[in-house]
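Novice: Residues per chain, in single letters:
4 protein chains.
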Amino acid sequence: MIKGIINKAEKIENKIIDYRRDFHKYPEVGWTEYRTSSIIAKRLEDLGYEVLVGRDMLNEEDRMGLPSEEELKQHWQRAKDQGGVEEYLEKMKYGLTGAVGVISNGEGPTVALRFDIDALPIQETSETKHNPTNKGFSSVNDGVMHACGHDFHAAIGLGVAEIIAENKEKLVGKVKIIFQPAEEGVRGAKSIVTKGLLDDVDFVFGHHVKDYEVGEISSGLSGYKATKKFDVTIHGKPAHAGGNPQDGNNALIAASTAVLNLYSIARHKDGETRVNVGKMSAGSGRNIIPDEAKMVIETRGSTTEISQYMYNKAIKIIKTSSEMQECTYDIKQMGEAPSGKSDQVMIKLVENLTEKLGGYTLSDIHSSGGSEDFTYMMSKVQENGGKAVNIGLGASSIGDGAHSHNFDINEKAVQKALVLLSTLVFEIQKNHESLKL
Amino acid sequence: MIKGIINKAEKIENKIIDYRRDFHKYPEVGWTEYRTSSIIAKRLEDLGYEVLVGRDMLNEEDRMGLPSEEELKQHWQRAKDQGGVEEYLEKMKYGLTGAVGVISNGEGPTVALRFDIDALPIQETSETKHNPTNKGFSSVNDGVMHACGHDFHAAIGLGVAEIIAENKEKLVGKVKIIFQPAEEGVRGAKSIVTKGLLDDVDFVFGHHVKDYEVGEISSGLSGYKATKKFDVTIHGKPAHAGGNPQDGNNALIAASTAVLNLYSIARHKDGETRVNVGKMSAGSGRNIIPDEAKMVIETRGSTTEISQYMYNKAIKIIKTSSEMQECTYDIKQMGEAPSGKSDQVMIKLVENLTEKLGGYTLSDIHSSGGSEDFTYMMSKVQENGGKAVNIGLGASSIGDGAHSHNFDINEKAVQKALVLLSTLVFEIQKNHESLKL
Amino acid sequence: MIKGIINKAEKIENKIIDYRRDFHKYPEVGWTEYRTSSIIAKRLEDLGYEVLVGRDMLNEEDRMGLPSEEELKQHWQRAKDQGGVEEYLEKMKYGLTGAVGVISNGEGPTVALRFDIDALPIQETSETKHNPTNKGFSSVNDGVMHACGHDFHAAIGLGVAEIIAENKEKLVGKVKIIFQPAEEGVRGAKSIVTKGLLDDVDFVFGHHVKDYEVGEISSGLSGYKATKKFDVTIHGKPAHAGGNPQDGNNALIAASTAVLNLYSIARHKDGETRVNVGKMSAGSGRNIIPDEAKMVIETRGSTTEISQYMYNKAIKIIKTSSEMQECTYDIKQMGEAPSGKSDQVMIKLVENLTEKLGGYTLSDIHSSGGSEDFTYMMSKVQENGGKAVNIGLGASSIGDGAHSHNFDINEKAVQKALVLLSTLVFEIQKNHESLKL
Amino acid sequence: MIKGIINKAEKIENKIIDYRRDFHKYPEVGWTEYRTSSIIAKRLEDLGYEVLVGRDMLNEEDRMGLPSEEELKQHWQRAKDQGGVEEYLEKMKYGLTGAVGVISNGEGPTVALRFDIDALPIQETSETKHNPTNKGFSSVNDGVMHACGHDFHAAIGLGVAEIIAENKEKLVGKVKIIFQPAEEGVRGAKSIVTKGLLDDVDFVFGHHVKDYEVGEISSGLSGYKATKKFDVTIHGKPAHAGGNPQDGNNALIAASTAVLNLYSIARHKDGETRVNVGKMSAGSGRNIIPDEAKMVIETRGSTTEISQYMYNKAIKIIKTSSEMQECTYDIKQMGEAPSGKSDQVMIKLVENLTEKLGGYTLSDIHSSGGSEDFTYMMSKVQENGGKAVNIGLGASSIGDGAHSHNFDINEKAVQKALVLLSTLVFEIQKNHESLKL
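As you go down the protein sequences, you meet chains A, B, C and D in turn. So in the numbering used here, the last spot in the first sequence is 443, and the numbers never skip. So in the numbering used here, the last spot in the second sequence is 443, and the numbers never skip. So in the numbering used here, the last spot in the third sequence is 443, and the numbers never skip. So in the numbering used here, the last spot in the fourth sequence is 443, and the numbers never skip.
Keep in mind the hints are simulated off the structure, nothing from the lab. Model, not experiment: these values are computed from the prediction. Do not rely on the hints blindly, as some may be mistaken.
Pairs count within a copy or across copies, as identical chains cannot be separated in the list.
To be verified - Pairs of lysine to aspartate or glutamate, EDC-like flavour, derived with a Cα cap of 16 Å:
(1) K275 to D253
(2) K285 to E298
(3) K135 to D406
This is chain A alone, in the form it adopts within the complex:
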């Protein structure tokens, strides 16, 4: 079967590259991936998958960091204008993006694959040495760019879906292919997990492109920091700073006090802690006591408990800083992810598989170095006794690295990704008993 998969991967390589370039050209930020999601849904349908979209795949209450209704409308319209599939677009209105394909054969474990699909609010470079520029598929959406490889992820997802569909009768159990919206800012995974989509999953895996050589892979990434992202607005009362200073409730003093105390939250004996007030804006005029201050904050911890510790302390600081100046405050949850690690047995399985497949080398990197909300899915499956792994996939990224305006990937990685991720599904089902011991 492996041979068949390799052949198939070769055959569809160019199609998948075309998908990747199409997604790259029409990037959409989190919760506005209307065009991307509708094309994926239609394709899954065509491949014979049961397709879940909208409220069938996510819990709308748990979406975090949603754009304004106005923006959602505008981007929906743009998706329609740019060739989104209308039938599906209708079901995705107001930020109900993403798509899930389900396929099964016989009785056996359920394996889930996750591919994230959103872009970033970055203006793509127009340098001619940038591949998307000189090949003509650079972003047409102003200020939006696939600068983190999710265009590649989404395209690979469609390729893997095609290969699995073709080999459907070799499945022994169920496969769920999850195209997740809003990974940037860790905003989307929670809503899929709380909808219950991972409840019956025995094994889940994902991958992310990395700047290693094509063919080099990390067999399992761990050490994802848990994180909370939230926006704070402190509401005070304005007053003329020269004439009636005593009448103001100074939101900027409140915010400044909060900043100093947030960074001062005590370190934790059990692991790493982080906090950042990434943005602040306050006040309306030079001679007015500032009556509003907005802060864009994140906390992190090397475990979910430590992240919660940081968050709880942060909330207390914001509350009391506000009260100190007789101000009120709002907190808006903008993103969240637990900590996460790949299971050792899955890492071993990936390593064995690459050996069997040939043509891959193993990186010794297993540290994730950041946060990612695939950990929601990993954690849910692991809680239920299942296993999870997130693979680092060398795509020798070009440019100044992820999230830079000239980020690009080596498309030779397409075939490597298709083969590894497709065969892994069957390999897991074959070995499922020993994996779950």
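We have chain A; now place chains B, C and D onto it with these hints.
Specialist: Then chains B, C and D, alone, in the frame of chain A:
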């Protein structure tokens, strides 16, 4: 002569109201009063005044809070399109606005009058009960509005100029009528004073519309707080807040430390102190250590010395807060005014004059309650042994008061202003010896 | 009668100087003036006064800034050992110090005089050029000194009492001579006022020695700032700073946040504001998260309302700073005084009297420049429609001024004080009707 | 030979317990261990060691956290009164405590052992269930206590010295037994290392009592955090807070700003960071602007580089906070230790030895959890290509743990310690070649 002036004032009342409405319709913020200034200059020329504009009336180095070159260009073009007088516009390029008219007869003291002419960056209301709306002269310049009465001041200036010109042969000495740009934010007066325009002036007076009844005046305002306005930018170094927090130089921590210490500057035994950080904006993204923070600040004191004390302390705080986080900083002067008070003999003269004129009542308000850069001119004249007064003129302002989007004045005040300010010139010249004893 | 009083003052001058030296030699800080008070009480009794001490003259709940029970005991014993009058000492146990003498004749207004009697926690100099040193009456109580002239005040009080007693039949009404404890730190007056001792008083006056020439007086001091004195303890939780920092509740971070916010309380348009954290001590060891922080604080305002504004803001800051670090806090009231001013009619009366008496000159100083709790008595009397004045009395103080370790007064001021204060009582009674119009 | 050592250890057990109790009864804090050091020196001399004390064993410039000269004198006198050995006391004046014994035989590697000898400023409990109380050897030095087991360490050092001396001819190389002063606060080791005493050492080992069972040992502790201890004094200028607040330079505002910024120093990607302001005291009186603030600070890092990073940031914060308030500052180094870890080959050697000896069990604890200045010696030896290990020795400590007022150890650990540490010397020499490969 008083009778003649009263008659003349009645005759030109409507013309002056037209000027006021015209200026109101085409408001221009500080250093962009190209149209306003050029019309004033042409009119002064037509009335027989020697006219000073551009580098002849101000020291360009001492202009504070100048808009960007780009904005200056755009507004100059707008002025031209909206009927500015080309001959003068050419001399006012790049923020050289304002105009001065000089007239003299015989030997005698020099009397200066000051009228400020700039508008505010406020969007005018479109409520129909707002007079400019229903009479059709509301602002056509988006986001700009005469919300502080300087349209009235400028028009009165032209009226007073006309009356004085008509009575030129009754002058005994020189008269300078100064149309000052950029009073808002106390940015313009200094540049006129350092140019030397007040050096030979024996008496200077000004006025400001007030919300008292039409006909009620404050015979002399005092207690103007000295002030410094300045913008600060702190430059740090960004870093990934999760991955490499130790590599950042956190401009927001620096700014927050500065905020708390600025408001903590010790009170002063000799009088009132004020400080305000009216606006702050910092940072570029949630997970990036903030590498820049901008602050919009003012300090005040009931004397120029106390204002300087506050400013010196503030600068030290900004410097050391920045250094604490290994950041650098820029400070840009945006405005400045000394403290100021009206001379008692001038107040008395105004009171006597109103009695002589009839039809005026005296307010018992003599406290200014704020800052105003006419104090630069007052101080300069007083330093040289001259006398100064700033008059509060009842115009029963309508709306929510100065600087609100529905501010308006009662045009019945026009005649009261014309008569009082014109006769005051002659009254001063007549009494100049006893005034300067 | 004036002549008689002058003669009497001459006669008792040396006795009063002896009293002053005796009090100087045995100084006692606030609420421990056992010896001083008992001697005064006995003397008042001998002079024929009705004498009030202990719970009869003050409300023990309202005493502020009381020393520990241990200290009260020790100082009581010292007073006994140093010649305190036992009969009265018994009634003064545990900080019930001070004494009041009441005398009356016929029907008429009630006049109260106030003399403060406490010393300061200052070590007196041993320089030989210091008069108390070379005349042998310097303090024998280690670390305690009359460095503010209250030894003089107390002695003058006894002299005035003697003169009034001798002229009892010339009184037309009642006289209360109040010897007040614990003026330093504004801790004592409130307890006397809330006991009701000023409720029936029509006129109250006091005096304070000043560094003007002997014979020069300020006829009435005003502008006393209202003030609140309080001690704060923040209670946190200790933890090993290296091992378990997350377990601590850091009282020092709470206190530091409070400090910066306290000094940042907004200035007030209606007058002067002050705040000071005069002392802080926190923490137990280098590697322990500080679990306690103590602060010694005062707020002031040029009116009682502004003082209350400052105090209310301060309390909110302390509360929320503590809560921010999950700490608790205690606040202990240590002193309080309202603002205060002398009545114009009383000032005029004093001026007329000095003219009548001859030998006095008038200072043009009427600004108090500080706080003093005689304002409690002034305010109470003024609230009830009465009149009050506090006189500045030149005693050409020697040394580095009040509260310095070499402070001293010129004893030639004794006679000036006796005459002025004694005659003032009769002068008030004589003029009481016009004074209260 | 092992058998001989075991026998000897049994024989001297009671003597060593007596030493321990004697040291416990006369505890001395760092740099005042005159009595302890002189007794040790004399005993080493009697056992035939070459003895180094005073300037021969340490570099007096590098002693940190020295008590005042006055205290040094007083404690020296106390040591003399309590039976210190005069001959050595003379050489130890002014804080030159500690002792080193050197012995050698034949050619071979140099092995150093380190024992720390100082007590803590803790008042010992007087509970009767506390062994030292009911056996009569509790501290007679008020406020000083061996609450960290250094009494045991010192006594064991003497026992090991005796055993080695008896087996001198079995040595193949040199042995240095270092009795180190001032380990508490990590103040003493540096001065011995910079004197050069470790320069020729091939192997160094130490031990610390732990609360494991008697017989249980940790074969090698690692993860010692690097640390810097320092005291800061900020010098401002006092002023009357009510009268002349503008004249003060507020040291408490400076210190409060420093506190908030110190705890805000950015976390480090390479490992753990710690900072603590353990104590603060500031100000002189409620109504005086605080003119001085003292802070007792420590920084730590999981590597020496991170500790230095924290320290450098801290110093910058203190400097700029002081300058912000126009204050000056002093920094006094009070202690310092690098990070440290035991070498794997040495750990293995200890494990093999315990197996050979029998009667020991191995703890799986290898994490130190704190700081300790033995790391100076370990680092120096490791830099020169040598090996180091620090052993955790179960003494089933009683009471509330190290540094508590009822801390105690189980004296049954004496024999376990004597045997293990003595045999280890010979074991190292025997295996020295393979250890240093």
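Novice: So, for every hint listed, does it hold in this structure?
Specialist: Here's how the hints hold up against the structure:
{"no.": "1", "hint": "K275 to D253", "in the structure": "between (44 Å within a copy, 9 Å between copies)"}
{"no.": "2", "hint": "K285 to E298", "in the structure": "both (14 Å within a copy, 10 Å between copies)"}
{"no.": "3", "hint": "K135 to D406", "in the structure": "within (13 Å within a copy, 58 Å between copies)"}
Of the numbered hints given earlier, the model fails none.
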